[in-house]
Every structure is written in C-alpha cells, then in structure tokens.
Amino acid sequence: MPDQVLFGLEVALNGLMAGVMYSLVALGFVLIFKASGIFNYAQGVMALFAAMTLVGIQNGQVPFSHLINATFGTDIHYFGWQAPALLAILLTVVVMAVFAWLVNRLVFRHLVNQEPIILFMATIGLAYFLEGVADLMWGSEIKKLDVGLPQGINEWIDGATFEIFGYGFFIDNLDLVATVIAALLVGGLVVFSQYTKQGRALRAVADDHQAALSVGISLNFIWVLVWSIAGFVALVAGIMWGAKSGVQFSLSLIALKALPVLMLGGFTSIPGAIVGGLIIGVGEKLFEFLIGAPYLGGATENWFAYVLALAFLVVRPQGLFGEKIIERV
Amino acid sequence: MNAQPQTVTADGRTIGDVVMDMRNITLRFGGVEAIKDISFDIREGEIRAIIGPNGAGKSSMLNVISGFYVPQEGEVWFRGKPRPPMKPYEVAQQGIARTFQNIALFEGMSVLDNVMCGRLGHMKTNMLTQALWWGKAAREEEENREAVERVIDFLEIQAIRKTPVGRLPYGLKKRVELARALAAEPKLLLLDEPMAGMNVEEKEDMSRFILDVNDEFGTTIALIEHDMGVVMDLSDRVVVMDYGKKIGDGTPHEVRNNQAVIDAYLGVAHD
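Protein chains in written order, with our numbering: chain A, 137 to 465; chain B, 23 to 293.
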C-alpha cells in the first residue's frame, strides 16, 4: 500500500479516538436533555469541576484555601497527604452527587413547568457560577492529572502494523483506554436504562411527566439521579481530557465541541452521541489531511465540525438518530 | 370508621366498607371555588360515577383524590385514616391508579413498556441485581411480566404489545392507559372520562372492559363520564355535581328522578 493511504488510515484511526472523547462529553448532554428537556450548558464546566476536584483531593489540597487564608490570615494550602487515585475518584463521585442534589434543590425545583429557554438560561448561569466556585475552591493554575492511565505510543500496534505494512501506526495508549472506558460506560448506561426499575422510571419521566407521576414516580428523585449520572459522565470526560491536556479552565470549552456532535447525532439519542462523535472526529481529521492542509492553509479542525453540523441542520434537523418531530394538524 | 353492612348487588358482586371518604372538600383557584364543601364516599368493590355538566368540578374532584390538587378545606380519608397532603406519586404508591382525560402515556415506549411502568411500585430488588439479572431480581421481573401479560390479555391488546404507543389510534391509547393503571393492581382506580371522543362501538368495548375489571378483580372504580346512558348502565352509585356543588347522590335510578339533577342537565324555566 502506498504511504499516503497508510498515513490517511492512521489519521482516520486517530480521528476515531478523538471522536470517542467528543462522544464522552456529548453523552452527558443527552442524558439530561432526554430526562428533563434541559439543554445543560454547564456540562463542560461540570467536567472541569469534576477534574479539578479529583486532582485537588488526590493532592490533598485544602478547598477554598485562598478564601480561608485571606479571611483568617492563615497560610494553609495542603493537608499534606496524597490520596490513592481510586479513593479520590470515589470521593469525587460523591461530590458530584451532592452537587446534583443541590442543583435540583436550589435551582431546577423552582423552575418546573418553565419554558425551555428559561431552563437553558439557568444552566448558563449555573455554568459561570460553577466556574467561579471551581476557581475559588481549587485555584486557577494548570494542574497535571495523573490517575495512572497509560500514555504515549502503543508499542504493540506500532510493531504489528510495521510487520504487516512496513509502516508503524502511531496510536496513543490514552486514546485506547478512552475508547474502552467509553464502551463500558455506554454499555452500563444501556443496561441501566433497559433493565432496572430506576432506568425504566427515568425513561418514563423523559417521556411524560404527568404520566410518570400517576404511576408513582418521584420526579425529584429521578432528576437528582440523572444529574448525578451526568456528573459521573462529566467526571469520566474530565479525567480523559484532563489526562490529555492538563486540568485548566479551557477544559470547559469542550462543551462547545459537543454541540456539533449533538446536532449530528440528535439530542435525544445515546447511540447518536457516540456515532456523531465518531463522525466528527474522523471527519475533521480526514478533512484537514485531504483538503485543509494541502489547499486551505490548514487549521480547518477548528471550524469543520460546525460547518458539518450546520449542513446537517439544513437537511435533517432532528439529527441522525433523533426522534422525528411530527406535528398533528 | 363507620362500618357499613355488606351489600350484594343484583349481579352477585359484594360491595364492602368505605375505602375513600371525602369530607367537606373545598378547592379554590384564586377567587374561583371549583369545589364547594362536597362530601361523598366510595365503597369497596363498587363503581362510583361522578357526573355533571361541563365545568362542574368533576375533574378537579378526581385530581383531589389522586393528589394533583390539594384542597384548601376538608379531609380525604383513605382506608379508614385521614390522609395528609401528599404528592401525586405518593398517592400512586398508596395504591390509587388513574387515567387522564387527555391521555398521559409514554408515547415513545412500546405498549408493553408502558404497562410495565404501572408495576414500578411492585419492584423491590435493588438496582445492581436488576442490572445483572441476578437471582431474586430475575424472578421478580418474570413475575411482573406475567402480571402484565395477564392485563394485556384481559384488555385484548396482545396484537399491539410491541408497538410504540405514539402510533396507536385514540381508542387503543385509552385502552393502554387503562392497562397501565390496572397493572398496578390498585385499591382504587380513577378513570377520567374513559369514553370521551369514542365512537359507539369503542364505547361499548370500554364499558365492557370496565365492568369486567370490576367483576373479575373486584377493583373499586371511580369514574367521570359525560354520556348519561353509559353512566346509568355502569355505575352502582352516582354523585352529581353542578357549579362545584353536590346536587345529587344515590343509585342511578334515584339520581335520574332527582329534580335538581334534571334541572341542571335540561335547564330550568324561570318565571
């Protein structure tokens, strides 16, 4: 095979892996949107907050240390212990669940039956509030996230492809791990929603609030559950992105990358979020490789996804897998 | 609680003690009194109808019973105890199932899934064992499936079990909604205009199902209906409402001959 084709193949594979990362973020959006009709603008910030909390707990950082020091004239920054990764992850899950409960209790409970645009505005407010809290709690410097995930080139794939094609593929171990974790996560979510009582209740709430109440489902419980799961998904996305590019405030902007994924895959479909992410990932890498770099001066990855999503909106507004909106006249 | 003698109806069903007792219920929306000081009871095993002209407050009354509205005055006694103000889902968990005037089904789910949702209250095993389909959870799911299949057979909707509800015609949706309510094995079943918008044939089917449900499972039923003929055929006792007030209460025969009821329905000459 000519080198160009092999290189293209490698680019596409890397695109797939990048797509998985987009899908991880998009999943959080879909979960909340399905169950409560809220487009949660804060999902990206939740990923950032989760990653910062994880790093903070791992390093034994004192939360709100700047605030405490400024108020009481003390000078504390660290507890002086290093928490094991697994324990830190578990504690972060707890923090995200508490956050979910608080968000429902303080914000969305009071906005039941409001217009979607009002709920959306509330999540924008939530996003900036949470960003402020994250800053105040853990400080704004860039941190390294290390939970022991393998990183760097996968030697085995490199060697094996060199044997076959005479050209070694560069695949990052972290991307492979992300793919496996995303697959597990989606599998878990599917089993949860199809086979458990809570999953069935969640689907019921997503479909019709009044009917759900009449069969004995507590809306509040389900919403806290959904936000907790979305928080968990945000944590997974935060770990993956954090490990890739460090924990910093620009992490919250990955939410913007999820938007075209959602337009492509549909806001209400979990498989849509996955396939949408993969298409965008492969699409933007291949476009850059085939057209962008040679003819357009490069850097097309920044906008390609949005143009693709726009084209999709014109042709199929409900996305690839979204529920078609049919209005009875 | 005042024990009442058991009565046996002409067709051999027994009607027992008072299950639901509404005492001096008053419901206001701002300045509008939707229900004015109404009392009535529902006895075990009976079919109790609430009738009245449009805007009489019938649906409001049903919503009070099912917890969607909380009355400003009065008490709701359920199974011999006064019921504190409750959320609708808590009322449902107590064993009161209902259907809605404008059908509230899970449109995106299949008929089977919809009816299964009616049994959520009967599932007790924990999330993890359910997800893994493990031991007790698997058995429980099978038992619930059997119960659901019985209801589906009973209401003759086997053919559409796998169809998404959104695709069904109106009459069948009404039947699926009844199936979901029935699957919960309720102690009290509330039907809000089960025959609204149906043609004669569908009405006959639905009447038959309501009678069969009551007869076969001994389910206590309270229903709202506009079609007087249907109400008179179906119900054991009838409450008549007009402008939020109770103007009649008794057997269909008594109610039919009640002057206030005749006036409310046919209008009264002012001289």
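To be clear, the hints were calculated from the coordinates, so they are not data collected in a lab. Here the structure is a predicted model, which is why all the values come from computation and not from measurement. Treat the hints with care, as some may be off.
[Claimed, not checked] To give an idea of the chain A side of the interface with chain B (calculated C-beta under 8 angstroms), a few residues:
(1) ALA224
(2) LEU227
(3) ASP282
(4) PRO286
(5) LEU325
(6) TYR331
(7) THR332
(8) LYS333
(9) GLN346
(10) SER354
(11) LYS380
(12) SER381
Don't be surprised by glycine CBs; every beta carbon is placed ideally from N, CA and C.
Going through the hints against the structure:
1. ALA224: violated (23 angstroms)
2. LEU227: With Cβ-Cβ at 21 angstroms, over 8 angstroms, it is violated.
3. ASP282: violated (30 angstroms)
4. PRO286: violated (28 angstroms)
5. LEU325: Hint violated; A:LEU325 Cβ to chain B Cβ min 10 angstroms, cut 8 angstroms.
6. TYR331: holds (6 angstroms)
7. THR332: holds (4 angstroms)
8. LYS333: holds (4 angstroms)
9. GLN346: holds (5 angstroms)
10. SER354: holds (5 angstroms)
11. LYS380: Where the cut-off is 8 angstroms and the nearest Cβ of chain B is about 30 angstroms from A:LYS380, the hint is violated.
12. SER381: With a closest approach of 33 angstroms, the A:SER381 hint is violated.
Violation of the numbered hints given earlier is confined to hints 1, 2, 3, 4, 5, 11, 12; the remaining hints are satisfied by the structure.
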